[in-house]
Amino acid sequence: MKQAYTPAELMVVVAAREIKDREVVFVGMRLPLIAFAVAKRLHAPNAIGFFENGVVRDTPSASLLYTMGDPPNIEDALQCCRMTTVMGLMQKGEVDLGFLGGAEVDRNGNINTSYVGDPSAPRVKLPGSGGAADIASLARRFVVIIEHNDRRLVERVGYLTSPGNGDGAHWRANEGLPRGGPAAIITTMGVLRFGFESGEAYLDTIHPGVKLEDVKAKTGWPLMVTPVLKPTPEPTDEELRIIREVDPKRFWTS
Amino acid sequence: MKQAYTPAELMVVVAAREIKDREVVFVGMRLPLIAFAVAKRLHAPNAIGFFENGVVRDTPSASLLYTMGDPPNIEDALQCCRMTTVMGLMQKGEVDLGFLGGAEVDRNGNINTSYVGDPSAPRVKLPGSGGAADIASLARRFVVIIEHNDRRLVERVGYLTSPGNGDGAHWRANEGLPRGGPAAIITTMGVLRFGFESGEAYLDTIHPGVKLEDVKAKTGWPLMVTPVLKPTPEPTDEELRIIREVDPKRFWTS
Amino acid sequence: MTMRDAIAQHVPDGSSVALGLALEALIPFAAGHELIRQNRRDLTLIGPISDILFDQLIGAGCVKAIVAAWVGNVSAGLGYNYRRAAETGVPNKIHIEDHSNFTMALSLLAGGLGAPFIPARTLLGSDILKTNANLRAAASPLDGEQVLLVPALVPDVAVLHVQRADETGGNHCWGNLGVSEEGGLAATKVIVVAEEIVGVDVIKSDPNRVLVPAHRVTAIVHEPGGAHPSPVQGYYGRDTDFYQEYHTQSQTAEAFEQWRQRWIGAIGSRAVYLKLLGAERWRALAVKDKKLAAPANFSAT
Amino acid sequence: MTMRDAIAQHVPDGSSVALGLALEALIPFAAGHELIRQNRRDLTLIGPISDILFDQLIGAGCVKAIVAAWVGNVSAGLGYNYRRAAETGVPNKIHIEDHSNFTMALSLLAGGLGAPFIPARTLLGSDILKTNANLRAAASPLDGEQVLLVPALVPDVAVLHVQRADETGGNHCWGNLGVSEEGGLAATKVIVVAEEIVGVDVIKSDPNRVLVPAHRVTAIVHEPGGAHPSPVQGYYGRDTDFYQEYHTQSQTAEAFEQWRQRWIGAIGSRAVYLKLLGAERWRALAVKDKKLAAPANFSAT
Chain A
368 MKQAYTPAEL MVVVAAREIK DREVVFVGMR LPLIAFAVAK RLHAPNAIGF FENGVVRDTP
428 SASLLYTMGD PPNIEDALQC CRMTTVMGLM QKGEVDLGFL GGAEVDRNGN INTSYVGDPS
488 APRVKLPGSG GAADIASLAR RFVVIIEHND RRLVERVGYL TSPGNGDGAH WRANEGLPRG
548 GPAAIITTMG VLRFGFESGE AYLDTIHPGV KLEDVKAKTG WPLMVTPVLK PTPEPTDEEL
608 RIIREVDPKR FWTS
Chain B
368 MKQAYTPAEL MVVVAAREIK DREVVFVGMR LPLIAFAVAK RLHAPNAIGF FENGVVRDTP
428 SASLLYTMGD PPNIEDALQC CRMTTVMGLM QKGEVDLGFL GGAEVDRNGN INTSYVGDPS
488 APRVKLPGSG GAADIASLAR RFVVIIEHND RRLVERVGYL TSPGNGDGAH WRANEGLPRG
548 GPAAIITTMG VLRFGFESGE AYLDTIHPGV KLEDVKAKTG WPLMVTPVLK PTPEPTDEEL
608 RIIREVDPKR FWTS
Chain C
63 MTMRDAIAQH VPDGSSVALG LALEALIPFA AGHELIRQNR RDLTLIGPIS DILFDQLIGA
123 GCVKAIVAAW VGNVSAGLGY NYRRAAETGV PNKIHIEDHS NFTMALSLLA GGLGAPFIPA
183 RTLLGSDILK TNANLRAAAS PLDGEQVLLV PALVPDVAVL HVQRADETGG NHCWGNLGVS
243 EEGGLAATKV IVVAEEIVGV DVIKSDPNRV LVPAHRVTAI VHEPGGAHPS PVQGYYGRDT
303 DFYQEYHTQS QTAEAFEQWR QRWIGAIGSR AVYLKLLGAE RWRALAVKDK KLAAPANFSA
363 T
Chain D
63 MTMRDAIAQH VPDGSSVALG LALEALIPFA AGHELIRQNR RDLTLIGPIS DILFDQLIGA
123 GCVKAIVAAW VGNVSAGLGY NYRRAAETGV PNKIHIEDHS NFTMALSLLA GGLGAPFIPA
183 RTLLGSDILK TNANLRAAAS PLDGEQVLLV PALVPDVAVL HVQRADETGG NHCWGNLGVS
243 EEGGLAATKV IVVAEEIVGV DVIKSDPNRV LVPAHRVTAI VHEPGGAHPS PVQGYYGRDT
303 DFYQEYHTQS QTAEAFEQWR QRWIGAIGSR AVYLKLLGAE RWRALAVKDK KLAAPANFSA
363 T
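Residue numbers (the working numbering), protein chains in the order written: chain A, 368 to 621; chain B, 368 to 621; chain C, 63 to 363; chain D, 63 to 363.
Errors might be hidden in some of the hints.
30 Å max Cα-Cα, derived BS3-like pairs, lysine-lysine [unchecked claim]: (1) K387(B) <-> K616(B); (2) K126(D) <-> K459(A); (3) K155(C) <-> K251(C); (4) K352(C) <-> K352(D); (5) K387(A) <-> K251(D); (6) K251(C) <-> K387(B); (7) K616(B) <-> K353(D); (8) K616(B) <-> K155(D); (9) K126(D) <-> K353(C); (10) K352(D) <-> K353(C); (11) K352(C) <-> K350(D); (12) K155(D) <-> K350(C); (13) K353(C) <-> K616(A); (14) K352(D) <-> K350(C); (15) K583(A) <-> K597(A); (16) K251(C) <-> K353(C); (17) K597(B) <-> K387(B); (18) K155(D) <-> K126(D); (19) K251(D) <-> K155(D); (20) K387(A) <-> K459(A); (21) K352(C) <-> K353(D); (22) K616(B) <-> K350(D); (23) K353(C) <-> K350(D); (24) K387(B) <-> K459(A); (25) K155(C) <-> K616(A); (26) K126(C) <-> K459(B); (27) K459(A) <-> K192(C); (28) K251(C) <-> K459(B); (29) K597(B) <-> K578(B); (30) K337(C) <-> K350(C); (31) K251(D) <-> K459(A); (32) K337(D) <-> K353(D); (33) K350(C) <-> K616(A); (34) K337(D) <-> K459(B).
Residues from chain D that keep clear of chain B, each with C-beta distances beyond 12 Å, as calculated [as the list claims (entries may be wrong)]: (35) Q71; (36) S77; (37) S78; (38) H161; (39) E319; (40) A333.
Just so you know, the hints here were simulated from the structure itself, not pulled from any lab data. Note that the coordinates shown come from a computational prediction; the quantities given were computed from them, not determined experimentally. All C-beta atoms, glycine included, are put in the ideal place defined by N, C-alpha and C.
The shape of chain A in the complex, shown without the other chains (with noise of 0.2 Å):
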């Protein structure tokens, strides 16, 4: 019989199975961090994890950060170097993936980390971009962890900080982005792809135990499902049992 498990956990090993072997990641806190460890362990022995800071890492801390500037992040680090030098590669082109947040994402994958309602007297003033847009930006791809909700998986972003797919699948191009874009947003209640053509969000598998029109209800915009909508594949006891090794007393996790 299978072992229970959390939202945040199916979604940790989702984000892990994301990250392929050799591929360098910018990986960013909390269950994208935890990600990193579950696919380091399993699939993906020899990636390489970068940090805004300046760290690089062939192996995730030996005890659960906090933030990325947290001593165990140094500890055994490969390389504490500048941020202009993990940024430069990556702009060059030599990051595969980057994980993102945000307070809202938009259908074509765009994120808003930075206001919501006018910039010059704003309702909310977030944090800001930190390195979200240039991950966005210049990532060879980026992927999107969030709750799903009709206030956060929206029809447009109030703020663009972080661009996706900007209003199509050839925006990018037209901005002058070097490359990337959304390859997925891993919700509390499935997983979003993107139309190669449209560069818009679609459904393309669900979680275990949820309805579609429950997806549905909680999307801010009309979206659009794969003709064949598979359950998402449920957490292995080998992840599982990794993701509570790295987060024992279940901080991010639970």
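Got chain A; can you put chains B, C and D on it based on the hints?
Here is chains B, C and D on its own, set in the frame of chain A:
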């Protein structure tokens, strides 16, 4: 009674006196390196030396250098950074003085270290700029040290590697150079300085024992002379003592 | 030099100040608190991300403008003072110049290089270009392709917290670098805050570990614990609880006033701050183990 | 990997190769000699200054083009092979792309940053802009001022000599840096040549001393003495006599042929080269003292 000294020793002390206290100096090798040591010990104890390989020093190296990359130049350095760091600070305007040599220097202080004859089929291929063209472009002022003869002091360089005053006083600003220009040419016969309005070199002091007519004869253009020509002040005993401490085998200063 | 003198002499009202350039580590909180104590006004704060320090300075009314990629509380969430200032002008309106981490890094890199700008491929199509007039897309003069022009930034002052420094300005920093070096080369004045003051020979023993050229250092402040609650590799860990407590205790302007009075206003120095923190809590954060860098021989002979 | 295999597999005819990026120290002579032994052709050599290594490769007919700021013999004078090739096409004509040190550094910096170019204020008015079509003055799109556009340079291979490396590509380099880091980030492939091979734990004990990210390292070669006659800080000094001898023994093409036969052709490996150099001479160059970098604690706990 005054001590005897070599022409090289006189050139070193003239160069040393160009260095003011607290200045940042792109030192270079050979005579300027010894001049830096003299200045540090006497009148410029807080001068800082920059080297193109990224070395920053506040003391001369413990033993004589043949290249700036020699291990004694690293040991006890203030910092070993990257070339972009020291060159960047110079571009920013933070280097006061640089010393340059050359195969040819002309009436307006332009220097050739690249080609004799047509560059596409040169009679002599010289080693090239190294960092000299950058120092000439970006330091607040530069000083040339060169043997005095009419093959070296020419009307106009055959190839302008390192910009002096171009064809006149306003040339640098017209070309877009941010500052700087030649302050002096220290030769084996005298010291040339530059007219503020003309940008042209004139004889400012003449080395003891040298005849003005010989200086003129060995200069490749009709040399202007200051109305009150004085002899170049001779090295003091203290200056000579330090030079001979720094270069005990007289490798550079014989 | 004391922190009080360094801030009094080198960071007047209206200065642009780069802080927190190593990102979540080595944040010069002691310097920030001294700015608040001295009631500094009209500052422009510069830094890629700020983990609650900018929020505190904003709440204390010291700030006119923010040049940053991210301002908040990294492990706990939003920065309430930042929100209040941006959303309702409390305690005062602030001008926000939005950046990404990379454009912050490139603008400081350009500043230190003396390059007027650096062309990049990031942010093309982002609304950041609409709200930050200093970031502009243009045709590259090289080949006509679209590039982002990231103009050089030269802060009046950069404050850098490091592990150790000597009395002449020499300094060693290890672990997190972020944009510390770029900021230290770009800024007109550099204040170095050190956990330890060591002999010049210690710094010169490893010239590759120097963060900023000694002659560019305007002031050296010996301030052990000066980065708390952020970590200093080899000295102390991150006090994550402190960030969580700040989050809870800064939700209203009134609550922040109390927090500020307790941790900054009523305190004359970092030593008193650490006493208030409590010896036990401070001891628990201290690094006890040794994992030393492998030896490197710099001998020439 | 042996030097023979590294060169055979990663530096085919026609490659652009960055060498000597630390300037007069850490010059990968062993790699250059292996290129000559394998009779490589049509190489483009990239490096700010070259202290006789480029001269040797030119004399051996390996070179099609030079992208450099300075080529010669730093302590002894001109490079005769360079002169012969440039002046009389012996052994073959070479294309020379003149740079200054700073434009070389900026072009590699831009290459590693993925920036199309970096604008600079150097060389404006220099004839270098007339003989190097890749360096061009233009109006800055920022403010119309005159700037030099320094385009990015991405060498096919960079060869970097370092003090120590591990089997996975991790590497430590100290002392002279020059443009080593920029070159290692810009180049498509990176060959690291190390005096010592150490455990991964040694490299990871000091992540700030790493020159090039391990995952960018294409091949690691263990080649003690591989930088002779250039120095390696903490390992051996500069053999200045050797440069003087080379100067004397390369004045004619015939003399260089003899020098080449003796020091490269008749020799299968660096070990034999060091034997030819003589144990006494090699011992005299060795660093005997210890001046270790002050300890730095990277422990998190």
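Do the hints match the structure? See the list:
Of the supplied pair hints, the one linking K387(B) and K616(B) holds, its CA atoms being roughly 28 Å apart against a limit of 30 Å. The hinted pair formed by K126(D) and K459(A) meets the criterion: a straight-line CA distance of about 27 Å does not exceed 30 Å. This hinted pair checks out: K155(C) and K251(C) have alpha carbons roughly 27 Å apart, not beyond 30 Å. Distance hint between K352(C) and K352(D) is fulfilled; the C-alpha atoms sit about 22 Å from each other, no more than 30 Å.
Restraint check for K387(A) and K251(D): satisfied, since their Cα atoms lie roughly 22 Å apart, inside the 30 Å limit. With a C-alpha separation of about 22 Å, the suggested pair K251(C) and K387(B) falls inside the 30 Å cut-off, and the hint holds. With a CA separation close to 27 Å, the supplied pair K616(B) and K353(D) stays within the 30 Å bound. At roughly 41 Å between alpha-carbon atoms, K616(B) and K155(D) are farther apart than 30 Å, so this suggested pair is violated.
As the CA atoms of K126(D) and K353(C) are separated by approximately 49 Å, the hinted pair breaks the 30 Å bound. A C-alpha spacing of about 21 Å is found between K352(D) and K353(C), which places the hinted pair at or below 30 Å, so the restraint holds. Our distance criterion of 30 Å between C-alpha atoms is met by K352(C) and K350(D), whose separation comes to about 28 Å. For the hint pairing K155(D) with K350(C), the CA-to-CA distance comes to about 64 Å; that exceeds 30 Å, so the pair is violated.
A threshold of 30 Å between alpha carbons decides the hint, and for K353(C) with K616(A) the separation of about 27 Å falls inside it, so the pair holds. Distance restraint check for K352(D) and K350(C): the Cα-Cα separation of roughly 28 Å lies within the 30 Å cut-off, and the hinted pair is therefore satisfied. Restraint check for K583(A) and K597(A): the C-alpha separation of about 16 Å stays at or below 30 Å, so the hint holds. Our distance criterion of 30 Å between C-alpha atoms is broken by K251(C) and K353(C), whose separation comes to about 34 Å.
At most 30 Å may separate the alpha-carbon atoms for a hinted pair to count; K597(B) and K387(B) meet this at roughly 22 Å. Of the supplied pair hints, the one linking K155(D) and K126(D) holds, its CA atoms being roughly 7 Å apart against a limit of 30 Å. This hinted pair checks out: K251(D) and K155(D) have alpha carbons roughly 27 Å apart, not beyond 30 Å. Proximity of K387(A) to K459(A) is assessed by CA-CA distance (about 20 Å); at most 30 Å being required, the pair is judged to hold.
At roughly 21 Å between alpha-carbon atoms, K352(C) and K353(D) fall within 30 Å of each other, so this suggested pair holds. With a C-alpha separation of about 24 Å, the suggested pair K616(B) and K350(D) falls inside the 30 Å cut-off, and the hint holds. The suggested pairing of K353(C) with K350(D) holds, with an alpha-carbon distance near 26 Å, which does not exceed 30 Å. Using a Cα cut-off of 30 Å, the hinted pair K387(B) and K459(A) is violated, with the two alpha carbons roughly 44 Å apart.
In summary, the hint linking K155(C) to K616(A) is not supported, as the alpha carbons are separated by about 41 Å, beyond the 30 Å threshold. The hinted pair formed by K126(C) and K459(B) meets the criterion: a straight-line CA distance of about 27 Å does not exceed 30 Å. Taken as a hint, the K459(A) and K192(C) pair is honoured in the structure, with Cα atoms around 25 Å apart against an allowance of 30 Å. For a cut-off of 30 Å, the pair hint linking K251(C) to K459(B) stands: about 14 Å separates their Cα positions.
Distance check on the hinted pair: K597(B) and K578(B) sit about 12 Å apart at the alpha-carbon level, within 30 Å; holds. As the CA atoms of K337(C) and K350(C) are separated by approximately 20 Å, the hinted pair is consistent with the 30 Å bound. Straight-line distance between C-alpha atoms of K251(D) and K459(A) comes to about 14 Å, which keeps the hinted pair within the 30 Å bound. Under the criterion of a C-alpha separation no larger than 30 Å, the hint pairing K337(D) with K353(D) is consistent with the structure, at around 28 Å.
Between the alpha carbons of K350(C) and K616(A) the distance comes to roughly 24 Å, so the proposed pair stays at or under 30 Å and holds. Distance restraint check for K337(D) and K459(B): the Cα-Cα separation of roughly 49 Å exceeds the 30 Å cut-off, and the hinted pair is therefore not satisfied. Residue-level check passed: Q71(D) sits 29 Å from the nearest beta carbon of chain B, beyond 12 Å. Non-interface status of S77(D) relative to chain B is upheld: no Cβ of that chain comes within 12 Å, the nearest being about 22 Å off.
With 12 Å as the threshold on Cβ separation, the claim that S78(D) sits away from chain B holds: the shortest Cβ distance comes to roughly 18 Å. Annotated as non-interface, H161(D) brings its C-beta within 12 Å of a C-beta of chain B; the closest such distance is 7 Å. The beta carbon of E319(D) is kept farther than 12 Å from every beta carbon of chain B, the shortest such distance being approximately 20 Å. Every CB of chain B lies more than 12 Å from the CB of A333(D), the least distance being 23 Å, so the non-interface label holds.
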